[in-house]
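Student: Here the protein sequences line up with chains A and B, keeping their order. For the first sequence, this note's numbering begins at 1 and goes up steadily by one. For the second sequence, this note's numbering begins at 1 and goes up steadily by one.
Keep in mind that the hints were calculated from the coordinates and are not lab data. Any given hint could be a false lead.
As the list claims (entries may be wrong) - Here are some, though not all, of the chain B residues that point toward chain A, as calculated from beta-carbon distances under 7 angstroms: (1) 86; (2) 100; (3) 115; (4) 117; (5) 270.
Heads up, the beta-carbon is just placed ideally off N, CA and C, and yes, glycines get one too.
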Amino acid sequence: MSLSEQQSLKQQVTLLELVDRVLNKGVVVSGDITLSVADVDLVYVGLRVLLSSVATLEEPRERISTAGAAR
Amino acid sequence: MTPPAATLSRNGLGWYLYGIAAADDASAPLGARLAAGAEQEVELVAEGPLVGVASRVSLAEFDEQTLPERLSDATWLEQKIRTHEHVLERVLEDASVVPCRFCTVYRDEVELRRFLSERRETLQAALDRVRGKVEVGVKAFIDRDRFAAGQARQNDEIRQLETRVSTAEGGRAYLERRRLEQLVASALGDFRGEVAERIHTRLLPAAEDGHALPLQAPELSGREEEMVFNGAYLVTADRGGFEAALASLAREIRDDGVDLELTGPWPAYNFVPEELGAA
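Generate the whole structure from the sequences, applying the supplied hints.
Tutor: Structure follows, in structure tokens:
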């Protein structure tokens, strides 16, 4: 595993720890707009995208820039 | 549901509440620290003995209509989650804090102040519980190869089978290997629950409180090793006694293939009341 891969893995793990706490724990107060329990499922959809994008950070970016240059 | 247009405050700004601290704890140094070098401007909204740690945010950004869309935007989500945590970590350096859940937004300051004053007693009780303490996370992962090696040392049947596997040939070797794999898998099945209970039983007396949490999904944990325990502990801010207990436990279970991982210090997300509805 390369250094950049190790770093992105570490970031991903930290992010997961964060998500477990920030999204699922902490007081739910009577905010006018508060993330409801139902919305948390949506967050996990976003999260999967997020974590997989962290894991494959390098490759897709290259592809995108190649596609952009071709235009 | 009220239409969004009618609910926008005059300037379109609301308050994102990160957490609640005590006014006597969150003194001048905290305000100064929060003001210095923040990626997001953070303000302390004082109401009686409590302060809300909050930022002005665009209500359009957090509107109920658009929030679901935002939440599936990975870049937005990561940035907001990290900001939420960074702000609370800065508070935690100087003061105790009751963390709020992600995306707790008030439409205006009046609503935020009303919450702080109406829920004063519950919030103070929550603050008292976490005062001078932090949360740490403990996760345990099992390395299958080291577990199998540990079993071979302790379990005669497995050890003898390993010897036969190494000397047998052809179809016989295959059968012996299958048998060995089954034995190790069965031992692992029993061991998972035992070791989780052992970890929690050992760490709990060294902490003020603790919870065993659901295991993280393997596809999200980012590790090949299987997670066998996930816990959160409320510990005194110096953490000395807890870390000593953790280190001694780690030495004991290492030969069974178990590695312990410590995370934190975190705001006490797992040790504050979940529901704080309107009074």
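Student: Against each hint, give a clear statement of whether it holds in the structure.
Tutor: Now for the hints, and whether the structure bears them out:
no., hint, verdict
1, 86, "violated, 10 angstroms"
2, 100, "holds, 5 angstroms"
3, 115, "holds, 6 angstroms"
4, 117, "violated, 12 angstroms"
5, 270, "holds, 5 angstroms"
The earlier numbered hints that this structure contradicts are 1, 4.
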